[in-house]
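Colleague: Construct the complete structure from the given sequences, taking the supplied hints into account.
If you're matching them up, the sequences are chains A and B in order.
First residue of the first sequence: 1, per my numbering; consecutive thereafter.
First residue of the second sequence: 1001, per my numbering; consecutive thereafter.
In case anyone wonders, no lab produced these hints; they're calculated from the structure.
For every residue, glycine included, the Cβ atom is placed at its ideal position computed from N, Cα and C.
Be careful, since some hints might not be right.
Said to hold, decoys possible - Have a look at the derived ranges for each label pair, beta carbon to beta carbon:
1) A:Ser-205 <-> B:Thr-1058: 51 to 61 Å
2) A:Leu-111 <-> B:Asp-1083: 31 to 41 Å
3) A:Leu-111 <-> B:Tyr-1043: 30 to 40 Å
Said to hold, decoys possible - Here's a subset of chain A near chain B, in silico, CB distances under 10 Å, partners left out:
4) Ala-28
5) Asp-30
6) Leu-31
7) Glu-39
8) Pro-40
9) Ala-42
10) Thr-43
11) Ile-44
12) Ala-45
13) Ala-112
14) Leu-303
15) Phe-396
Okay, here's what each chain looks like letter by letter:
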Amino acid sequence: MYRVCGLLIGFIVISCGLPASLMAQGNAFDLAAALAIAEPGATIAVPTGLYRGPIAIDKPVTLVGVDWPVIDGGGSGDVIRITAPDVTIRGFVLRNSGASLDHEHAGVTGLAARATIENNRLEDVLFGIYLKNAPGSIVRNNNVEAKDIDVGRRGDSIRLWYCEGSLVEGNTVRNGRDLIIWYANHSTIRNNLVEDSRYGLHFMSNDDLVIEANVLRRNSVGIYIMYGDGFVLRNNLLYDNRGASGYGIGLKDIDHLVAEGNRMVSNRVGMYVDVAPRANGTTVRLDQNLFAYNEIGMMLLPLVQHTLYTGNVFQENHEQIAISGGGQLVDNAWSEHGRGNYWSDYAGFDANGDEIGDLPYQAQSLFEDLLQIYPELRLYQLSPATQALDMAAKAFPIFQPQPKLVDEHPLMAPPKLAPVPGLPTTPTGANLAAAGLLVLLALLVLTQARTGHLWGHLGSARSTK
Amino acid sequence: MKQLTLLAIALFTTLAISGTAPAGTYAAPLPAVERSMLQGTLYAQPRPAFGLALPSTTDGDVHLRDLQGKVVLLFFGYTYCPDVCPTTLADIKQAFAKPGVNADEIAVLFVTVDPARDTIVRLTEFLGYFHEPSFIGVRGNDAQTAAFAYQYGAKFYREEGATGTDGYSMAHTTHLYLINRQSEWVMTVPWGTSPEQLALDLRYWLAR
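Modeller: Shown next, in the form of structure tokens:
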């Protein structure tokens, strides 16, 4: 009796928290049992431990993992399958789903409205989070890593299918296929990091999306938007996307798009535009975007029109603007209210000091025109031969090609753009140290040279050989 | 007339000394219970109480959602308990008898941690000793009870070789978990809290 009472007093002390480790000494936690007794709307705390999946959730509950419990799918089927609305999954490690693309095995498959999947780590899963017919859902702050298989055999890290009014934010995705959104009108996708995947963000047939502050790097394509009306594309970073397509941003058959503050840096093509806008009376507006150090800043189809470009920075792209298949751009505006864009290769001047170039900027290069017909000539890009060719074209106007575009009011300096997180930063300390070492070395060499010791040493070294 | 006056004075004096004013006529309202007067551990942020559906001594399963609007005291124990469980239930019953505590607005969920012995029949019989209709026995299987107990940080296990019936007893957490009318777990009341103090705690939450 005294022993039991002693235990009881001990419990008074320890039972104020959630003594997960002590659970192991007592009764094991059974997740299925907890789900069985939970009322709709209940919040179930799940202690740390390893749980065998798949877990089926058929009532509206909130599952909260305490100290990262692991649910292991055992390599078959979904790890968690949700068939009830208003389910929340938070704080779990979900791993080892099946690997059948036919059956679309996933870490989480959600088949009902208002699912909230947040703060989970998904590992070794074919599809990561796959929500079908789940409007009003939230996918937030998850970390998704796909199975270690060839990209063509992977599933999508996050896929929304008919999920109107959803929010996808703060997720980190690596080594997946796509983060893809189908038929999810009025949704917001923001603050996600996608890297080493196929399409960082892929949008198919959506209207009224806000896509902002995402970081897409080292993917085959950063963001690709196909079919839809009404997009705000804001402050995204597209960096080093250099796959077969290699677009930072790709647009196809969309209307009413505003792109502002996006950074397209070091991609194969900063932005690719194919029929946008597609309908009469609609527009695309590109404002204060940065196209820097891409092989091609923008690649456009010749029929791209009704697009306004203003305040954009075209910085040191190998080819600032390319027209796929050749030709000229018509019915586009390259300036607004007397302000155009900044072109790093602009060679004009500003006599009146109004920060607007006095001569128009013309994207005009014989070599670039030839590139559209003979793409293999890109091998010679940046070589003296290409410069000689363009100089010859200027010297003999009969060879001068028609300009691809004319910006009547080019900016003399790039506008200041708001900072965007995610770009690699220069290691200032290391640079300073390296510079210091170089200066020291130079001083040493100069001193030695002045006194003749260095050469003397070298000479003596030679003479002793 | 003089006799009547003397009688009235005598009656008034008697009432004043005894303090037994007719019920409902002269009863002064009880002072409100302040937060600082509570004995239990309060949570800064109320936690959603785990809503359960388990077999009970009522006609069917007990559902927490059906108890919304009542203050719920949740206790994990067992009927063969020689000390803590019966005394805790007795303390609750005494608290119910204190002024300002309306037992009709309170539910006590007694969740057995010994389902092997505590059948619904046994729970009904045990709780019947207290003649308190707001006491509800709840019984799940081992896994269900463990899962439920974990939601409140409660723990229990079987203690072999003890002197209890069938050669074992159950060690278990002794707290009372208090759930407010809005189905939020707001307070944990430690074992040993007096009926008077428990009544104060209950009055505080009954007023909210």
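Colleague: Taking the hints in turn, state whether each one holds.
Modeller: Now the hints, each set against the structure:
Evaluation of the 51 to 61 Å hint for A:Ser-205 and B:Thr-1058 yields a pass: the beta carbon distance comes to about 53 Å. The beta-carbon spacing between A:Leu-111 and B:Asp-1083, approximately 51 Å, falls outside the hinted interval of 31 to 41 Å. Between A:Leu-111 and B:Tyr-1043 the beta carbon distance is about 35 Å. The supplied range of 30 to 40 Å therefore holds. Taking 10 Å as the C-beta contact cut-off toward chain B, the hint placing A:Ala-28 at the interface holds, the least distance being around 7 Å.
Because the closest C-beta pair between A:Asp-30 and chain B is about 4 Å apart, less than 10 Å, the hint holds. Taken as an interface hint, A:Leu-31 checks out: its beta carbon lies about 8 Å from the nearest beta carbon of chain B, inside 10 Å. Given the 10 Å rule on beta carbons, the hint for A:Glu-39 holds: about 3 Å separates it from the nearest Cβ of chain B. A distance limit of 10 Å between C-beta atoms decides the matter here; for A:Pro-40 the minimum to chain B is near 8 Å, and the interface restraint holds.
A distance limit of 10 Å between C-beta atoms decides the matter here; for A:Ala-42 the minimum to chain B is near 4 Å, and the interface restraint holds. For the restraint placing A:Thr-43 at the interface with chain B, the shortest Cβ-Cβ distance is roughly 5 Å, inside the 10 Å limit, so the hint holds. For A:Ile-44, the shortest C-beta to C-beta distance to chain B is roughly 7 Å, which falls under 10 Å, so the interface hint holds. Below 10 Å, beta-carbon pairs count as interface contacts, and A:Ala-45 has one with chain B at about 6 Å; its hint therefore holds.
This hint is violated: A:Ala-112 has a C-beta 19 Å from the nearest C-beta of chain B, more than the 10 Å allowed. A hinted interface residue such as A:Leu-303 counts as satisfied when its beta carbon comes closer than 10 Å to some beta carbon of chain B; here the least separation is about 57 Å, so the hint is violated. This hint is violated: A:Phe-396 has a C-beta 79 Å from the nearest C-beta of chain B, more than the 10 Å allowed.
Checked against the numbered hints listed earlier, the structure breaks hints 2, 13, 14, 15; every other hint is satisfied.
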